[in-house]
Amino acid sequence: MTVLKRLLRPLLTLAIVAATAMLLTALWRVYMLAPWTRDGRVSAEVVRVTPEVSGTVVDVRVVDNQFVRRGDILYVIDPRRFRLALDTAQAVVLARREDAALKTATARRRSQLSPGVVASETIEQANATAAIARADYDAAIAAAHVAELDLDRTTVRAPLDGYVTNLRMRPGDYATAGLTRVSIIDAEGFWITAYFEETKLSRIAIGARAQIHLMGFEPPISGHVESIGHGIADANEVPDHLGLPSVNPVFAWVRLAQRIPVRIHINTVPPGVTLAAGTTCSVAVGEAAAGYRLLSRLDFWP
Amino acid sequence: MLSEVAIGGVYLPPILVYLAAAIPVFMGLRAVLDRAGLLRFAWHPALLECAVLLATVALLLLLV
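Protein chains in written order, with the numbering used here: chain A, 1 to 302; chain B, 1001 to 1064.
Keep in mind that a hint or two might mislead.
[What the hints assert, rightly or not] Residues from chain A that keep clear of chain B, each with C-beta distances beyond 12 Å, as calculated:
no., residue
1, R29
2, T56
3, V62
4, S114
5, D136
6, L149
7, L160
8, P171
9, T193
10, G207
11, S246
[As the list claims (entries may be wrong)] Here's a subset of chain A near chain B, in silico, CB distances under 8 Å, partners left out:
no., residue
12, L23
13, H241
14, P271
Hints in this document: simulated from the structure, not taken from any laboratory. Quick reminder that beta carbons are idealized off the backbone N, C-alpha and C, glycines included.
Please construct the entire structure, taking both the sequences and the accompanying hints into account.
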């Protein structure tokens, strides 16, 4: 009896410790091994709208952050210079047409003369000159089309439905061909990039259900895993001046897991939630996406 | 799902919140154990207390 009583004290304590160890294992599985990450970002397709011709901006038809439909006019570059260029090109077309007609007539006349009156060299020359004149005429027509296109491109239009972003343009600005002046975020082009530790990748399946919690909005967003990134940069591969890889020697006990971007497709956005590229979110995939947790939802000082 | 917690614009890991929530629960549990005399009966009281705190955190995270 006394032996039993003496054994009871350590046994009871050890039983509680053992139960705690089991609970901690479960916690480790849920917190450390389950595929969830705090390191998610909202990403968006951005189209950089770039003018194809240079000129002074005479009219800006949109305001910052405005929603535009495909084909809506964003801004207009002063078309006068391009209208004059088109006039010039059309005048050249007329001149070339007359020139080609004249030279073709000359060639025909010469070739109709009875043999012996003119040298065959002269006929060949006339034919060649006429052919060149006709080619010049065709080139002038093409140049006129280019001038027309340039004139058309003075009106810069939205290439897709989306939101005008970072518009810094006033009438009077000079727009340079090839330099982006306005960016448009594709309204349908939002997705989530979740940076998962490489140790969790084996638990992420393509097509698996995902739940996204934006830091700014309470309702969760549902989605699914679209694809897993197939590469990130390796600093050891940067070549030195001889082209050899500069491999860093490592003397570290603790090293950090790399993070791989996983692309999450957004299924539905709850009403009232505004997606903005670059904002932070938490993402859980598969078994980790289930359940509603009260405590990790508390936003203490909103 | 587990999610980051924002406190005054600072983003904290959720385990911190569970840890903070576990402390008052543990204080209550400890008072009950003390009242029942279990704390004095235990083999190593400090070991028991440590185990109870960790179990509280784990249970909160798994259930709440």
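Check each numbered hint against the structure and report the violated ones by number, ascending. 1, 13 and 14
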